[in-house]
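Dock chain B against the given chain A, drawing on the hints supplied.
Number of protein chains: 2
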Amino acid sequence: MIIDVHGHYTTAPEPLGRWRQEQIAALDDPTRAPDPAGPRISDDEIRASIEANQLRQMDERGIDVTVFSPRASFMAHHIGDLATSSAWARICNDLCHRVAELYPERFAPAAMLPQSPGADPSTVLPELDRAVHELGAVAVNVNPDPSGGYWSAPPLTDRSWYPLWERLVALDVPAMVHVSTSCNPAFHTTGSHYLNADTTVFMQLLQGDLFADFPDLRLVIPHGGGAVPYHWGRFRGLAQAMGRPEHAEALLRNVFFDTCVYHQPGIDLLLRVLPPDCVLFASEMIGAVRGIDPRTGHHFDDTRRYVTNAGLSAEALAAVEEGNARRVYPRLAARLP
Amino acid sequence: MIIDVHGHYTTAPEPLGRWRQEQIAALDDPTRAPDPAGPRISDDEIRASIEANQLRQMDERGIDVTVFSPRASFMAHHIGDLATSSAWARICNDLCHRVAELYPERFAPAAMLPQSPGADPSTVLPELDRAVHELGAVAVNVNPDPSGGYWSAPPLTDRSWYPLWERLVALDVPAMVHVSTSCNPAFHTTGSHYLNADTTVFMQLLQGDLFADFPDLRLVIPHGGGAVPYHWGRFRGLAQAMGRPEHAEALLRNVFFDTCVYHQPGIDLLLRVLPPDCVLFASEMIGAVRGIDPRTGHHFDDTRRYVTNAGLSAEALAAVEEGNARRVYPRLAARLP
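Heads up: the protein sequence lines correspond to chains A and B, in order.
According to our numbering, the first sequence is numbered sequentially starting from 1.
According to our numbering, the second sequence is numbered sequentially starting from 1.
Bound-form chain A, shown alone:
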């Protein structure tokens, strides 16, 4: 079984985007507020949006199951306030839940959180609980920068985040650390902000000791870990300079990297540098890079080709494509045959 731990509902039916536009407009003009019950989207509309897109490509690539969360760039936690994010997260999480209800063998839902700049992380707990207990979420996306490119939040090792980590451990749910849209003109959302966030968070974890306090917490760093595997010697050297020479590798008991790296040499490096037990197959399809590479004739984001061509042993390949995901996402494992 092939499990993709990183898919977003980037093809949601148009009423979702229209609802969000109205919600944003209502921040200035409350008369424009959309229906609090959310957009009206039929099951047929959902089926059409999935079958022509993610499901078709999953079938073409031999992907059995995708962990499916709301569109990352649309989380946009910097817009409005906590109430804005709470309403938006609820609607987006409900939609991913409906996808998974329609295709229970092909999609497992993951949730976004109603984060907001300056809001205490504990404010997300009710939606987290609802997503896990009522919607069947098997994972959650945590945004380390709700400001959208201004990085005003404290590092993830700060005590203010602890209520979230405590609850995730209690629920036995992993978190993917994933930023959203950059509204800072210095950063392109998918070209630099996403990758920078991955690198930033790994270094925050290397500076701290979060897993001494939460030995069962599991964090997934997407996009192949940003710059981390490419600079693995740098991180090992920095750990040594901090007097903890084994700390970078020790983090790999709790930190996992996905395979959203869109060319063969990148995947080869990832799997050469890091032990296969900490790498999780993923493609983020349909996401930031949707085109076909004219050099290969295949989609840039068809990461399965790169992973299967990376020269792993059968055992290691099975861990990356299935076993690790079952271990890191126990609520996913419980849904699978």
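Please keep in mind that the hints were generated in silico from the structure rather than gathered at the bench.
The hints are all genuine.
Far from chain B, some chain A residues (derived; all Cβ distances over 12 angstroms):
#: 1; residue: Pro-34
#: 2; residue: Gly-62
#: 3; residue: Arg-106
Chain B regions said to be covered by chain A (calculated; three or more residues, Cβ under 8 angstroms):
#: 4; region: 188-197
#: 5; region: 221-235
#: 6; region: 292-302
Glycine included, each C-beta is placed from N, C-alpha and C at the ideal position.
Below, chain B without anything else, positioned relative to chain A:
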């Protein structure tokens, strides 16, 4: 001849740091202002600081010449205002000039600029001219984020930067794009802020068309290009999505990456993915990572070992270690035999 294009004076004699502390203290209490003429440092003090450190390791590693600039993390353009940065840049540039005067065959000076948050980039031109014409600077370091981790400056493609690019072209001097200390607690200076900046700037260049306006401008992105080579497929795919499928590779006529990547797999990836004509040998020794890797018995930052072990042809290796640097840094070439 082996040329290292990325060295900083991280071992400057102690009076330099004391002078800076007094300058910072004087921002609150003008009576504490240091001597405007700068710290008193003898030639013998400079020799001791260089011969026991950079020069010793250059000899051990077979590095003939280093392009030598002020300590990057000490540029700290976010401190004080334009006058603060102007005095500090002048003193630091003078010191690197003195190193190169003492060892004219081993060091070529590069300059920092008196950048300051919110100050127009054209304000740096007098110091740039002085550094090139009076101090013999062969290159300059440009900080894309003078705010120190808050990224309040516009992208490098913004018109406000154009006076700087015009002058660099007129002087035939390349710029290394290098941030300084992060004062944002989210970012570790050398573990994430440096690498993020490298990735950020490459993406700014990919979004823009700077080299259509400045076909002779040459920018060096340090630290192996941050996350860029590891995610080269992503950048090619993003360029294609922007309707410019060849734009990522076209940038490599004007954009160069150094080899400050501190393990063999990273250097192998860099040299596998990018054409050797756009890679410049460098180590940033003595810099962020100073220790010995217990797995190899060699310094993490002894990048010459990785580069010579990467399987390049003799011709490509000579380009990376010498030829490209002579081409990109013509004022360096003019100093060399």
